[in-house]
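Student: Here are the chains, one letter per residue:
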Amino acid sequence: MKYTENNSTIDPSLRDEMTKQNVFVTTLDFIYNWGRRSSIWPMQFGLACCAIEMIAAAAARYDIARFGAELFRASPRQADLMIVAGTVTKKMAPNVVRLFNQMAEPKYVIAMGACAVSGGPFADGYNVLRGIDRFIPVDVYIPGCPPRPEVLLHGLMQLQKKIDSQSIQKAEWYQKGLKREFPIPELGPHGLVPKFNPEVWQPPETDNRAKHYGHVIRIGKKTKAPNLEPAVSAPPSPNPSAGA
Amino acid sequence: MKHFFKKGSVPFWGFGILSGLGVTLKNFIDSYFKKPDSGGVTTIQYPEEKSADFEAARNFPFLVYDETPEKPRCVACGICERECPVKCIHVVMAKDEAGKPLRKPAVFDIDYELCMNCGNCEEVCPFHSIFMDHDYEIASYDRSSLLRPMSKLLKSNDYFHKVRPVDAGKTDAVIRAAQEKKAAATKQKDSAGGQ
Amino acid sequence: MPSMINSLKDALEKKFPGIKLRILRDSLLLEDPQDLTRVAQHVKESPAFRLDYLSSVTASDFLDYLETIYHFYSMEKKSGPWVLRVRVPRENARVPSLTPLYQSAELQEREAYDLFGILYEGHPDLRRLFLWEGFEGHPLLKNYEQENADTLEARDVEWLEAHGVKVPETMKKNAAELKASGKRALVEKPTEPRQA
Amino acid sequence: MTLLDEIKKDGEILEINFGPQHPSTHGVFRMRVLLEGETVRELKPVMGYLHRNQEQIAENTTYAGIVGFTDRMDYINALSNNFSYCLTAEKLASIEVPERAAYIRIIMAELARLINHSAAVGFLLNDLGSFFTPLLYALRERERILDVFEAVTGSRMMCNYFRFGGVKRDLDEDSLAAIKTIVRKFPRFLDEFETLLTSNEILCMRCQNVGVLPADLAVNAGITGPTLRASGVNYDIRKIDRYGLYDRFDFKVPLGKKGDVYDRYYIRILEMRESVKILEQALQALPAGDFIHPKTAPLLRNPRNFKPPVGEAYGRTESPKGELGFYLVSDGTPQPWRCHVRAPSLINLSALEAMCLGQKIADIMIILGSIDIVLGETDR
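Residue numbers (the working numbering), protein chains in the order written: chain W, 1 to 244; chain C, 1 to 195; chain Z, 1 to 196; chain R, 1 to 380.
Hints in this document: simulated from the structure, not taken from any laboratory.
Be careful, since some hints might not be right.
If you only want the chain W side, here are some residues facing chain Z, beta carbon under 10 Å, derived [unchecked claim]:
hint	residue
1	ASP11
2	PRO12
3	ARG15
4	THR19
5	TYR126
6	GLY188
7	PHE196
Below, simulated EDC-like cross-link-like pairs (lysine to aspartate or glutamate); rule was C-alpha separation at most 20 Å, straight line [unchecked claim]:
hint	chain 1	residue 1	chain 2	residue 2
8	R	LYS295	C	GLU123
9	C	LYS26	R	GLU192
10	C	LYS26	R	ASP191
11	W	LYS222	Z	ASP150
12	W	LYS211	Z	ASP26
13	R	LYS180	C	ASP37
14	C	LYS50	R	GLU143
15	R	LYS91	Z	ASP52
16	R	LYS239	Z	ASP52
17	R	LYS44	Z	ASP125
18	R	LYS257	R	ASP290
19	C	LYS34	R	GLU143
20	C	LYS35	R	GLU12
21	Z	LYS20	W	GLU229
22	C	LYS170	R	ASP172
23	Z	LYS166	Z	GLU145
24	W	LYS222	Z	ASP52
25	C	LYS34	W	ASP63
26	W	LYS224	R	ASP331
27	Z	LYS78	R	ASP191
28	C	LYS170	R	ASP191
29	R	LYS307	C	GLU123
30	Z	LYS166	W	GLU181
31	Z	LYS173	W	GLU229
Note that the Cβ used here is the ideal one computed from N, Cα and C, for glycine as well.
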């Protein structure tokens, strides 16, 4: 959902003037967005360590109920916010995209934690997707590993600011011919087929990390195996397969 | 081990549930009268009231400069870059026009979207120039703003004192001691050279 | 520790005269992998050892051969780790499975097969544990070629077009070049040497 | 013809997938279950949805960098992973740990055990249907302990606190005082937790004689930790290996009788009481001294020149979930040749099917919750 600026047509000075005489003027957009923003139901979707911080955010101390988001709906049909909390592996990616497709419009995605944003500490592995924004559009990125519960609440407030800025006329989900069905990747022989959805994410032009480090996990880096033979050489029985 | 209702363990059938409800009732009443750490309401009203800020808390690294942002403490030695387990630091040493390397980074960017807040860079930096910050409100709408260039990473030494007073004091003491030792050594060398 | 493993070696040589064993630091290497079931059976039942708890099954790749290391403990006698190792060549890595004797080996042998490609004969259902069925190759081997997740290949471009996704021209051209040269988009060494 | 074809013939049996996205599977764990009506006929666990290739990354990071990755294996209590990994690395390079450092390690590991057991009981009660009430009490205690972790180690969950030969920072006065108040108040929380739960009729009815794990199957299937001790087998690695000065503290090892879900629940409450006893003794006898061995202190500044001699080492500790073992093979370079993790959560699942056969569909969740697995450790 793009960030569309919504300048309400009433000029603020006139509105403050009228509120002094107890006449409250508002716009339909304000009420519509206020309703959606204050009761945004997340989907119960914890993947890894960030899910524990999400539960801690829903618990007593950092209460997510104060933002109206404490009702974690189990099924995607009744949720309108998907907090991707944790590492999205290649084996789990088709499920995440299918769940996102099953959610009802208007739906939002928060990528919580370094793993959901960019693959995080495990980005170089063979089984970790380098960020969930390769297949589905993400509204708010929350870095951190794991982000503290307050950071999740701050991210939720950023999302609420984004919801406030939307207006009914320009709302995407009411336009005709809305194509928000993202193709679900398949599990291919070496990883996901396709590796990413070019409509949603393009690799950046200058990727210093790849240019500078190549891939941290390089092929054939170590050429000599450790020789665990005992230091004091026992009677060396003729053993063809013993290491050099 | 309490087992399936050994007769003495539970006076009558519903007693266990009632005593449980008693506990929840006590907590419900306590939450109005008791202080937060002894049974009261422990909720932190996040935007207005923030949780206690611990000295050792580590969120994301930042660079320290003494007087002006043009002269950071960092000498672009690249040790933090090698020690970072996630490889999210990228350092390029500055060169003047004659190609002689200056002891200053031309490019120093940290990828906040990859960083795992482990604090190894702070431990290994021999020049006390990179430290872990406490600021955590950096959620953003697009991913490219999370790749922080040097201009955004540099923060003043007194910000470092404000955020982490004890550690900042210790590092300043260490730096002052090193400078005095160097000054004494050069003075001693001059005096030796002078004779 | 070495004295402990020597007592195990002597006991086994006494029980099975022709067996070939070798002490390796403080572990016991079975030269012929097929002896494994006999040795495990004996070690589990014999009153001297009673090793009834197989703690961990580890596979590792030593370039010339693949190795499976077993850590046994005895919960009855509370005795320390008894380490057995078995070496198999890389081409047809076959090791007899210990699952009929120890149920704790079931998941660990599936993991060793999944990540190293060692076939455990006699395992009830030897499937991949972590990766999916269609995955080719065994990722933890030292010569595993990992795919580069940032460049699209011909297979991806076909799939995307079949699903009505517009692929930019440059990516389509790269994918076609890669397919022509017959190479796969692999993980490479850094293009620019790291200074400092 | 396999069971499945037989089933399709008379159509009595239904195949259901629990997970990988399921409200109560503690993460992305999937079980393919064949149900005849309500009773379970066959249960196949499917894992790998959180396989983050930690062992491949461990082979490409320096020994000190791996400490940061071990926090993310069993992410509910990061400190017991650090403990097990640093123990193995110290065995590999034969480094000793000074007394104060060993005491600090035990204090932090036992605090992590308190967090893990109270959270495990809370999640088990979540599966039983008492949605969020016991878990909120447990998480309230957990927040207090997490404040201490953040004050001492720097991060709430990913502590990255242990180093080879000791710990990263010393335990200063006010965090010591905070730990003392926590340990003083914890028994009162446990009594409140017990009156809320232990003699609760619904809990007794639903948990007793459900998912019974006989002792011989538990030993054969390599089950360790509270799940094993609930079946009556006395095997606690703190008592057997006596690693890290654990032999200086006297604490009992609680044992269960029948090995059902109720025993596994109640044994965690008793183990929390034992941990509080250990903490009390450790806090009284905390000696002065350096928090890291002077020989390995320079490693804090440049971990790159920690090159252990060629060799292998297997170290294990009693993590709250079971025996957590690390197997390290070093070839003299700063990166290990092989780093294998013996994960208790993975191996405790080998008896899951045996426990679930014949049980009702609602009980599968409780049996899984009573084994207390964490997917970061199962899938590594």
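Student: Each hint needs a verdict: does it hold in this structure or not?
Tutor: Hints, verified against the model:
no. : hint                : result
1   : ASP11               : violated, 43 Å
2   : PRO12               : violated, 43 Å
3   : ARG15               : violated, 45 Å
4   : THR19               : violated, 50 Å
5   : TYR126              : holds, 5 Å
6   : GLY188              : holds, 7 Å
7   : PHE196              : holds, 8 Å
8   : R:LYS295 - C:GLU123 : holds, 17 Å
9   : C:LYS26 - R:GLU192  : holds, 10 Å
10  : C:LYS26 - R:ASP191  : holds, 13 Å
11  : W:LYS222 - Z:ASP150 : violated, 25 Å
12  : W:LYS211 - Z:ASP26  : violated, 44 Å
13  : R:LYS180 - C:ASP37  : holds, 14 Å
14  : C:LYS50 - R:GLU143  : holds, 15 Å
15  : R:LYS91 - Z:ASP52   : violated, 25 Å
16  : R:LYS239 - Z:ASP52  : holds, 19 Å
17  : R:LYS44 - Z:ASP125  : holds, 11 Å
18  : R:LYS257 - R:ASP290 : violated, 44 Å
19  : C:LYS34 - R:GLU143  : holds, 18 Å
20  : C:LYS35 - R:GLU12   : violated, 58 Å
21  : Z:LYS20 - W:GLU229  : holds, 16 Å
22  : C:LYS170 - R:ASP172 : holds, 15 Å
23  : Z:LYS166 - Z:GLU145 : violated, 29 Å
24  : W:LYS222 - Z:ASP52  : violated, 37 Å
25  : C:LYS34 - W:ASP63   : holds, 19 Å
26  : W:LYS224 - R:ASP331 : holds, 9 Å
27  : Z:LYS78 - R:ASP191  : violated, 34 Å
28  : C:LYS170 - R:ASP191 : violated, 44 Å
29  : R:LYS307 - C:GLU123 : holds, 19 Å
30  : Z:LYS166 - W:GLU181 : holds, 14 Å
31  : Z:LYS173 - W:GLU229 : violated, 52 Å
Hints 1, 2, 3, 4, 11, 12, 15, 18, 20, 23, 24, 27, 28, 31 from the list above are not met by this structure, while the remaining hints are.
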